[in-house]
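Participant: Mind docking chains B and C on chain A? Use the hints.
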Amino acid sequence: MDKFVYLFEALTLVNLTLAFVGVLLGIMIGALPGLSATMAVAVLVPFTFAMDPASGLIALGAIYTGAIYGGSYSAILVNTPGTPSAIATTFDGFPMAKRGDGALAITLATLASVIGGLVGVLMLMFLAPPLAGVALAFGPPEYFWLAVFGLTLISALSVGNLIKGLMGACLGLLLSMVGVAVVGADVRFTMGSQTLLGGINIVAGLIGLYCIPVLIDLVATRDPHLRVETEAKGYRLREAWGILWAEKFNTVRSSLIGTVVGILPGAGGSVASLVSYSEARRTSKRRAHYGTGEPGGIIATESANNATVGGGFIPTLVLGIPGTPPDAIILGALLVQGIRTGPTLFTEQAPIVYTFIFGLLIGTILMLPIGLIVGRYAYRSIIAIPKAALVPTIAFMTVIGSFAIHNNIHDVAVMLGLGGIGWLLNRAGFAPSPIVLGLVLGQIAEQGFVQSYLIGNAQGNIWAMFFGRPISLAIAGFAALTLFYPLVAGAIGARRARRSQADLTAEARDGGS
Amino acid sequence: MAGPRHLHDPVGTTVAALLVAFGAVLIGQTGEMTPLGSVFPITVSTAMMVLGALLIGRNVVIGLRGGRGEAEPEETARGSKVRRIAFFGVMMLWVALLPILGFFTASVLGFFAVMATALHERVGAREAILLVLAGLVIVGGFYWVMREVLLIPLPAGSLF
Amino acid sequence: MRSMFATAGALALAGVFAAGAAVAQDDYPSKPVNYIIPFAAGGESDVAARLQQPVFEQLTGQQLVVQYLEGAGGAQAWSQLNGMTGDGYTVMGTNLPHIILQPMAQDVGYETDGLTNVYFFQYTPDAIVVPADSQFQTLEDLVTFAEANPGMVTFSGSGTYSANEVAKTKFDDLAGVTTTYIPFGGTTPAITAVLGDQVMAGFSYTTAAITQGDALRVLAVASEERVPSLPDVPTFRELGYDMTGGAYRGVGVPESTPEEIRQSLSDVLGEVNQDPDYVQKMEDGGFVLINVPYDEMDAFMEERRAQYQDVATKMGIASN
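Chains as they are written, first to last, in the working numbering: chain A, 1 to 513; chain B, 514 to 673; chain C, 674 to 993.
Same shape as in the complex, but just chain A:
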């Protein structure tokens, strides 16, 4: 393959150093809630102007992929996703850390992220032009159904009290509507406050709803934040490989879901990880354990969200349509370098594109050793730091993180307010995750719905818009399956049991006569 010529271009000392530093920086930025991949990339773009295009791109790609992975640390150790992509990592990551399996959880997240990242990059390298079509095949109705699919996960998350889970989701959806609507420009639910015109920021919501309740409960007791493991020490790498091998289908499926969802410009890492978590849970034999510290859950979300990195570059490079917000900034950086993205990029600018893709590949592989070491250090610090220092440090992070979203104190106030409400609701049995899901998916669902309605109305056939498109129907089908699978599976199981019972009696009768 002639592409491999560029592998050596990527393997220069400068590029390797950039990839190494990029991944390291990315992990640290991603691990701090509020400091997102988008921000990391935006800050570093000016530095890349001085580099040659491929090296600059490698640095940006490495930071991006490192940041998406770094988000898992805070999700696992502090129950606060460092980036929205890591929301679903909290579901099982934090319970694992609480019971003393934090090291295992981080090692699993590292391995899954590397594998997911590699799958995404390889798809980018070999299948980018054909796959880019996926970005165009998704119209408003598809995004609407995709968001509905994501919301069906609530039925799984709210074990114990489905009604409370659904009410939480409604509340989250209502929160997502605050501000000026994209369609129609109505000013909604701002309570007269101009600072809410832009809506409730998802990251501020995440930090508030997840992190503040954890802190409130931390100060109340003497107990250590995480239980310290006693027997197993070290990275638990062998054990992690074993689990990963047992979950190999889960890993591959989640990586593929991540890549495809990453291609969709309106979705991104949070949707990718929620969808693959939902699918992993539905198909797992250990379904009941999901949400209580099941390794499969971490594998699903972490492989999916790192696969979105490679996936997101597919429409960015092939169509000039950024797949995710960090891609949009990288696209801008490309323009400044004088590189035009689009269908001709892969042929005319092949040296830059393939050097970059190999650089991304190298960065992803470097993430394994760097991630294991940094992750171990992070875990140890969280355990070793006494509570009196840990609580104010995390509290400081919530302030910094929510401030850094827009360099704005309003987001800090929103974060804290939601945190307090979230804690009260949690006490009353309304878990934070359904609220967060509603907040994250609300915009996608509403815009998809209203746009579909407008287009359907113009064409005189609204029903065909929602129920007449194959991809929509397939996603709606999966949503229904997730919602009703426990019932269906139960019914099938019961019928099978009955039938075998009937067969037995028939056999007995036939044999008897």
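Note that these hints are calculated values from the structure, not bench results. Glycine included, C-beta positions come from ideal geometry on N, C-alpha and C. Among the clues, some could well be false.
[Said to hold, decoys possible] In silico DSS-like links for lysine-lysine, alpha-carbon gap of 30 Å or less:
hint, chain 1, residue 1, chain 2, residue 2
1, A, Lys-98, A, Lys-285
2, B, Lys-594, A, Lys-98
3, A, Lys-248, A, Lys-3
4, A, Lys-285, A, Lys-248
5, B, Lys-594, A, Lys-3
6, A, Lys-98, A, Lys-248
[To be verified] Some chain B residues flagged as far from chain A (calculated, every beta-carbon gap over 10 Å):
hint, residue
7, Ala-534
8, Ala-537
9, Val-574
10, Arg-578
11, Val-608
12, Thr-618
13, Ala-638
14, Leu-667
Facilitator: Okay, now just chains B and C, sitting in the frame of chain A:
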């Protein structure tokens, strides 16, 4: 726990009632919106109200039957209420003081105030010095990184 | 209007020579300047800012730090502008028609006159785009179809009360047709919808049309003359629709910013707008450079406001 004719899950029921009222308020606000802007808020608020009514009804029925009260989640029931409230109060003060005292000063004060709410044991002089030093290093270090490396404009106060 | 741009250009050019000394004198800027873009990354505002960034650094020796404060179609940022420190180190992108139409439509937390614009440096002419395999070969095809099927032609565009919706409203009026406008959350999703055949056509800008190359067909552009990088595309005027316009982008500062700094900033931005490499990249990208420095701002804003007043009435957001 809850005997016959006691309300089942009183906290949850109260919150449900509040959310039903909240939904009604929100629907009231949709009057001025365009049809397209109000379809989602009305649908979701209605769904929330119906679900809330269902939850209240269910809890009342269980209560009348004398069903067992749902145990509160262990985590949120234990420990010191005072510390919880103190922590949240300190956080609110911290955020309120950010624009007045400036990011650095407010954060140093906030950091140590939060530390006080999380301190359960008596600490010796050595430990106390270590904690103070650690706090200053953490706040100072992040302040520097945010300001000088990430070039985030942090609110300046009357002191700095 | 054309002559006005020409004078503006000439004046700016003259200003540049005078400004060189002025910039050195009051040593502004002497530290990194935060440049807040009120939209998400990847849009036209961001791309233009990213192109300004290296030139600004070259000229002043100081970084121009691009930050994003997106939300509410830009209103989130503009409503906060006057609360920021007015020392010239916090500046913000401003967009027309947004800052005129938004306050006209409802209370968005700022007034058009409350914003201090110091320079308008470019605009992107409106353009109608269709997918490459569309049934519409020319604008005439589209108008004929729209006349036969009122409301059936769907136009995607970026947001409500945006330049795209203004253009769509104007076009409907001039062509005497009824079409349906579908707002999306930015120019990129709007163009994606066109590429994916989700809508029949899109109102966008020359910039988007150029990025997509052969995948899109541009039916007409709303510039005075044909755009250099799209030489085969007719203007609306050539086709008999008296329609020019687009989205104008400039830079504003908090109202507390001193006069001298406003002037210095305006001078620096004028200099950036003359950099040959920058001009080349902007024009290749489909931007049309304009030069409206600080001292001509009031006249420019007055003229634009008169233009939008009319269309705002048709959109139903202004009473007179």
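Participant: Would you mind marking each hint as holding or not holding in the structure?
Facilitator: A quick look at each hint next to the structure:
1. A/Lys-98 to A/Lys-285: holds, 23 Å
2. B/Lys-594 to A/Lys-98: holds, 22 Å
3. A/Lys-248 to A/Lys-3: The hint holds at about 29 Å.
4. A/Lys-285 to A/Lys-248: holds, 14 Å
5. B/Lys-594 to A/Lys-3: Judged against 30 Å, a Cα distance of about 63 Å means the pair is violated.
6. A/Lys-98 to A/Lys-248: holds, 25 Å
7. Ala-534: Correct as stated: the minimum Cβ-Cβ distance to chain A is 13 Å, above 10 Å.
8. Ala-537: The assertion about B/Ala-537 holds, with a minimum of 12 Å to chain A.
9. Val-574: holds, 13 Å
10. Arg-578: holds, 18 Å
11. Val-608: Contrary to the label, B/Val-608 does not stay out of reach of chain A, its closest Cβ about 5 Å off (not over 10 Å).
12. Thr-618: With a cut-off of 10 Å, B/Thr-618 remains clear of chain A, as the shortest Cβ separation is near 13 Å.
13. Ala-638: Its Cβ never comes within 10 Å of chain A, the nearest being 15 Å, so this holds.
14. Leu-667: At about 8 Å from chain A, B/Leu-667 fails to clear the 10 Å cut-off, so the statement is violated.
Against the hints set out earlier in the document, violations occur for numbers 5, 11 and 14.
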